[in-house]
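Number of protein chains: 2
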Amino acid sequence: MAGQVQRQTGVALWRQIADRIRQAISAGAYDETGMVPPEMTLAVQFGVNRHTVRSALAALAQEGIVRAVQGRGTLIERKERLNFPISKRTRFNSGIGEQARETRGLLLDHGEEQANDEVARWLKLAPGTKVIRLETVRKADGRPVSSATSWFPAARFAGMPDAYETTESITRAFAELGLSDYIRATTEITAAHAEAADLSALELTPGAIVLITKAMNTDLDGVPVQYSVTRFAADRVQFTIEN
Amino acid sequence: MAGQVQRQTGVALWRQIADRIRQAISAGAYDETGMVPPEMTLAVQFGVNRHTVRSALAALAQEGIVRAVQGRGTLIERKERLNFPISKRTRFNSGIGEQARETRGLLLDHGEEQANDEVARWLKLAPGTKVIRLETVRKADGRPVSSATSWFPAARFAGMPDAYETTESITRAFAELGLSDYIRATTEITAAHAEAADLSALELTPGAIVLITKAMNTDLDGVPVQYSVTRFAADRVQFTIEN
DNA sequence: AATAATTTGTACGTATGTATC
DNA sequence: GGATACATACGTACAAATTAT
Numbered sequence: 000m001a002g003q004v005q006r007q008t009g010v011a012l013w014r015q016i017a018d019r020i021r022q023a024i025s026a027g028a029y030d031e032t033g034m035v036p037p038e039m040t041l042a043v044q045f046g047v048n049r050h051t052v053r054s055a056l057a058a059l060a061q062e063g064i065v066r067a068v069q070g071r072g073t074l075i076e077r078k079e080r081l082n083f084p085i086s087k088r089t090r091f092n093s094g095i096g097e098q099a100r101e102t103r104g105l106l107l108d109h110g111e112e113q114a115n116d117e118v119a120r121w122l123k124l125a126p127g128t129k130v131i132r133l134e135t136v137r138k139a140d141g142r143p144v145s146s147a148t149s150w151f152p153a154a155r156f157a158g159m160p161d162a163y164e165t166t167e168s169i170t171r172a173f174a175e176l177g178l179s180d181y182i183r184a185t186t187e188i189t190a191a192h193a194e195a196a197d198l199s200a201l202e203l204t205p206g207a208i209v210l211i212t213k214a215m216n217t218d219l220d221g222v223p224v225q226y227s228v229t230r231f232a233a234d235r236v237q238f239t240i241e242n
Numbered sequence: 000m001a002g003q004v005q006r007q008t009g010v011a012l013w014r015q016i017a018d019r020i021r022q023a024i025s026a027g028a029y030d031e032t033g034m035v036p037p038e039m040t041l042a043v044q045f046g047v048n049r050h051t052v053r054s055a056l057a058a059l060a061q062e063g064i065v066r067a068v069q070g071r072g073t074l075i076e077r078k079e080r081l082n083f084p085i086s087k088r089t090r091f092n093s094g095i096g097e098q099a100r101e102t103r104g105l106l107l108d109h110g111e112e113q114a115n116d117e118v119a120r121w122l123k124l125a126p127g128t129k130v131i132r133l134e135t136v137r138k139a140d141g142r143p144v145s146s147a148t149s150w151f152p153a154a155r156f157a158g159m160p161d162a163y164e165t166t167e168s169i170t171r172a173f174a175e176l177g178l179s180d181y182i183r184a185t186t187e188i189t190a191a192h193a194e195a196a197d198l199s200a201l202e203l204t205p206g207a208i209v210l211i212t213k214a215m216n217t218d219l220d221g222v223p224v225q226y227s228v229t230r231f232a233a234d235r236v237q238f239t240i241e242n
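So the sequences go chain by chain: A and B.
Going by numbering that gives the first Met the number 0, the first sequence opens with residue 0, and the numbers climb by one from there.
Going by numbering that gives the first Met the number 0, the second sequence opens with residue 0, and the numbers climb by one from there.
These are computed hints drawn from the structure, not numbers from a lab.
Honestly, I wouldn't trust all of these hints.
[What the hints assert, rightly or not] Cross-link-like lysine-lysine pairs, in silico, BS3-like; alpha carbons within 25 Å at most:
(1) A/Lys213 / B/Lys213
(2) B/Lys87 / A/Lys87
(3) B/Lys129 / B/Lys213
(4) A/Lys78 / B/Lys213
[To be verified] Computed footprint of chain B on chain A, listed as stretches where at least three residues anywhere in the stretch have a Cβ under 8 Å from a Cβ of chain B:
(5) 9 to 18
(6) 188 to 198
Where a beta carbon is used, it is the ideal one built from N, C-alpha and C, also for glycine.
Construct all of the structure, not just a fragment, from the sequences and the given hints.
Pasting the structure below:
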């Protein structure tokens, strides 16, 4: 874990250090012992006071990533980074597969509305066409992984909200509505700092990073059936593209 | 640009606001006027004092993204987000294509070394096999877009450093060394906060986000020819996967 | 079993940065 | 610009829990 922390930059040292330790845990740097190095060791390593390291570890403890035990050390509680394959057959549930014991898809909100320019362009509809909007959060083993807003052509998928709520899966909801198969046509990936809405939806701490995908699915004839903007907790996932 | 800023989180308000304005510029939110809204408007929007907005704009001016003119307002100087397609035929230069007037690839450092476990696994070599390492920075219109560390099997591509330095392109360097075509086999994408090395290499400010790809290219027979870890300035690029 | 060493937890004081008014 | 309040970071000291000798 090379590289020093930066002073007087608007980002507190304890937060920079927390981010670095979280990353190191995720990368398996402390797998041998299952614990973080002692506070004094980290303090020397980062060139800061022990209290600054303590602030960083307190933040990680708050996230449930580590647990400090007096006299023993700071144990690593959770260390996950789900791999999310992106391909023609991209599906959330089968993609996560055996990486989590349990996956859930929760419907937070839904509605029927008129497609704005962005949605219309992706779904290849005329602006103003009626679309169904779904707000969902997907969890793996109880931890939120992503929150998504999806749009579907209303004429074809009016029953989407009900179908999703009962099946907790886009794939199965499509099947219920008569679409047995679909294809991931395009995926756009960007990254940004978490916004207020992300913090609660994904149980993040401020300053965290979200990976944002904008994706379009089509049926087997190439007709768009879904456009989604999905926000992932960046320290819990990685994407893999296999060609 | 919805969502309030977060207080007492280890990230200064002025930095959060700078990040949000940078993002908004990148997304084209102020394209109509070519300027950022007045400081008081932004102050009300974010729910902070005008001085705090001024700190944020000063940081953006330092980056060369905006320029404040007394009596007129704060003009937008630069606004780019390069699209980077990822496919079987992923190549940096043709991928950027007409999005930039000029692209360059600079060789910072190189060497011959023994493959560590990670490199060996991706290149499907025995650990310890000799490999060529290249440290490069790629620029579009003078702005650094990505910094990469690449490894090549030394037995096959010993001339890589020289070939890259003269051609400034992996594709053309491969061609010089007798490999006329290659395929992007796998790409892994994650995101993290910029480290000290990123700040200088990519001309970033602390707290910025980097998108990290780990990618493997093969020849037409499926034999690995290159493994690269590339770090992109997240607010200057987006990835697109077309299936 | 007793003691020392290690490691986290708590407390107080000081200086500087951040943000408001 | 100046005054005020709070957050951040450092320094030091000692207490409490666990592990090593």
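Okay, the hints, checked on the actual structure:
1. With a CA separation close to 21 Å, the supplied pair A/Lys213 and B/Lys213 stays within the 25 Å bound.
2. Between B/Lys87 and A/Lys87 the alpha-carbon distance is near 13 Å, which keeps this suggested pair within the 25 Å criterion.
3. Restraint check: the Cα-Cα separation between B/Lys129 and B/Lys213 comes to about 20 Å, which is no more than 25 Å; the hinted pair holds.
4. For a cut-off of 25 Å, the pair hint linking A/Lys78 to B/Lys213 stands: about 20 Å separates their Cα positions.
5. Residue count for the region 9 to 18 of chain A with a Cβ under 8 Å from a Cβ of chain B: 8. That meets the three needed, and the coverage hint holds.
6. With 9 residues bearing a CB less than 8 Å from a CB of chain B, the region 188 to 198 of chain A meets the requirement of three and the coverage assertion stands.
Hint violations for this structure: none, all hints satisfied.
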